[in-house]
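Chemist: Listed below, chain by chain, are the residues.
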Amino acid sequence: MDSEAALAQSPQVQEHKIPKYITPPPPFSEGIFPCSDCHKDLKPNPKRRKLELMHTDIHLKHAGGEQWCLDCHDLNNRDKLHLINGKLIDFEEVYYLCGQCHGTIFRDWKAGVHGKRTGEWNGKKVYRLCTNCHNPHQPHFKPLKPKRPPERPSDIK
Amino acid sequence: MSKKQRKNPLSLKLDRRNFLKGSALGLAASALPLENADASFIEAFFQKHFREMNKKEIQEVLNRLEKEYSEQYKKHVTVKATKAMPGVQFGYGLDLSRCIGCRRCVYACIGENNQSRDPQIPWIQVLSFRKGDKWTDLEEADKYYNPATVPEPEHWYMPVQCQQCRHPACTRACPTQATWKEPDGIVVVDYNWCIGCRYCMAACPYGARHFNWGEPHIPDDELNPVTHYLGNRPRYKGVVEKCTFCIQRTREGRYPACVEICPVGARKFGNLLDPSSEIRYCIENKRVFRLKEELNTQPKFYYFYAT
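In the order they appear, the protein sequences are chains A and B.
Under the working numbering, think of the first position of the first sequence as 1, with each following residue one higher.
Under the working numbering, think of the first position of the second sequence as 1, with each following residue one higher.
Worth double-checking, as some hints may not be accurate.
As the list claims (entries may be wrong) - Per label pair, the in silico range of CB-to-CB distance: (1) B/H76 - A/H59: 24 to 32 Å; (2) A/M54 - B/A148: 30 to 38 Å; (3) B/K67 - A/H59: 57 to 65 Å; (4) A/R152 - B/K67: 36 to 44 Å; (5) A/H59 - B/A148: 42 to 50 Å; (6) A/L83 - B/Q120: 27 to 35 Å; (7) A/I32 - B/D274: 52 to 60 Å; (8) A/Y96 - B/R287: 27 to 35 Å; (9) A/D57 - B/T149: 16 to 24 Å; (10) B/K67 - A/P34: 18 to 26 Å; (11) A/S154 - B/S70: 32 to 40 Å; (12) A/P139 - B/S70: 43 to 51 Å.
What the hints assert, rightly or not - Some, not all, of what chain A presents toward chain B, calculated at C-beta under 8 Å: (13) P34; (14) S36; (15) D108; (16) V113; (17) H114; (18) G115; (19) R117; (20) T118; (21) K145.
Keep in mind that the hints were calculated from the coordinates and are not lab data.
Yeah, the Cβ is synthetic: ideal placement off N, Cα and C, and Gly gets one too.
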């Protein structure tokens, strides 16, 4: 393999190749999207504050409290998210946004290693968006109830 | 369950040895309990070794089993014998940094692979360890943990199932060659040839093989009717069974049931011979280890810590 071909296959060059697999839609709360339905008549307020009239069900526990709404949501186009460089992205491409901070996870996700896969190991795979598994406002998984433990040999009749 | 229990012909009191003795004396007819045996019983008794049967003979066996199972479970049960795909060696990855010990995989496996519900013999055991213990002792690990929620603080979890070794100790221990390694690397058991001696269980260093001490019981409505001869078809009392990487699914290109159920995406699966597969990425980019490497069983089940 010549050096050019080797470079083309290197992880750095392929970094932003997003696999073209099926992903389920982003898990919006019912009736919440498009955001502009409500926000079109509201005057945008860029001031960092605690929301008291709406979205009170959202408790932001992400990045130790350093984050707030407009770090990800766009002030002027409510139906989009924005990257640090100002580029607007759809909610369906949220991985670009998360990948800005969680780069190694993004890399693993693209390779099919971070996150859950279903479908075919050699064909059609179903990927999940970051937000399909993690609540973006509280990304840490909530504890689960474990399923029943196995029977102890002494309990088998 | 139907009154008529399916019987593994090998487990009858009349064994081959006595039968052959009888037949040598020309008493074949009287040596076999023919008066209460139907044709399928006799066919089962004379069934050849799976790997020595030709296509037509295998098909006859599958037809016989489909009929038996469909009658017993009162629904249409299919038994396939899909062959290994060429150029495939299955490998499995498990991300210990993600597993939370919820046991969803255990029960997905029980459902998919028609394991007996009562008595229960799950193929996947999830071990719980305390974080920070100087020695991690596999033998002393707790698999009966049952807190209100998992993960428990200061604990980590390691699911163990058949490691699909490249050098399996179990297959060499089997006196009847009822268990062997398939071309795609899956170690399988022929439940019609297993005599229940459990030598393979003693040989397996991972506790991955399980024995049907009792008549396996699966409610009719819970039986998974899509089965494979070497995998999840209903088993007999007195035979050994184990994880087959969901042979009935993976040979058709699908992921195993445990991979698809895992809520945290800790389980990875793919073709070790395909450089672009997920499992190859794990092995090449993560620090993987295999259980009890010093025994040189060379498992195709890789544990790693991704974060």
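Chemist: Hint by hint, note whether the structure agrees.
Modeler: Do the hints match the structure? See the list:
The given range of 24 to 32 Å is broken by B/H76 and A/H59, whose C-beta atoms sit roughly 50 Å from each other. Distance hint check: the CB atoms of A/M54 and B/A148 are about 34 Å apart, consistent with the given range 30 to 38 Å. The given range of 57 to 65 Å is respected by B/K67 and A/H59, whose C-beta atoms sit roughly 59 Å from each other. A C-beta distance of roughly 38 Å is found between A/R152 and B/K67, which places it inside the suggested range of 36 to 44 Å.
Taken as a hint, the range 42 to 50 Å is violated for the pair A/H59 and B/A148, whose Cβ atoms sit roughly 22 Å apart. About 50 Å separates the C-beta atoms of A/L83 and B/Q120, a value inconsistent with the hinted range of 27 to 35 Å. A C-beta distance of roughly 41 Å is found between A/I32 and B/D274, which places it outside the suggested range of 52 to 60 Å. Checked against the given bound of 27 to 35 Å, the beta carbons of A/Y96 and B/R287, roughly 28 Å apart, stay inside it.
In this structure the hint that A/D57 and B/T149 lie 16 to 24 Å apart at CB holds, the actual value being about 22 Å. Between B/K67 and A/P34 the C-beta distance comes to about 57 Å, which lies outside the given range of 18 to 26 Å. Checked against the given bound of 32 to 40 Å, the beta carbons of A/S154 and B/S70, roughly 37 Å apart, stay inside it. Hint check: A/P139 to B/S70, Cβ distance near 48 Å, so the stated range 43 to 51 Å holds.
The beta carbon of A/P34 is not positioned within 8 Å of any beta carbon in chain B (closest approach about 30 Å), and the interface hint is therefore violated. Interface hint at A/S36: violated, since its Cβ lies 33 Å from the closest Cβ of chain B, which is beyond the 8 Å cut-off. With its C-beta approaching chain B no nearer than about 6 Å, A/D108 sits inside the 8 Å limit, and its interface hint holds. Taken as an interface hint, A/V113 checks out: its beta carbon lies about 5 Å from the nearest beta carbon of chain B, inside 8 Å.
Hint on A/H114 holds. Least Cβ distance to chain B is approximately 7 Å, under the 8 Å limit. For the restraint placing A/G115 at the interface with chain B, the shortest Cβ-Cβ distance is roughly 5 Å, inside the 8 Å limit, so the hint holds. Satisfaction of the interface hint for A/R117 is found here, the shortest Cβ-Cβ separation to chain B being roughly 7 Å, below the 8 Å cut-off. Because the smallest distance between the Cβ of A/T118 and any Cβ of chain B comes to about 5 Å, under 8 Å, the interface hint for this residue holds.
This hint holds: A/K145 has a C-beta 6 Å from the nearest C-beta of chain B, less than the 8 Å allowed.
Violated hints for the displayed structure, listed by number in ascending order: 1, 5, 6, 7, 10, 13, 14.
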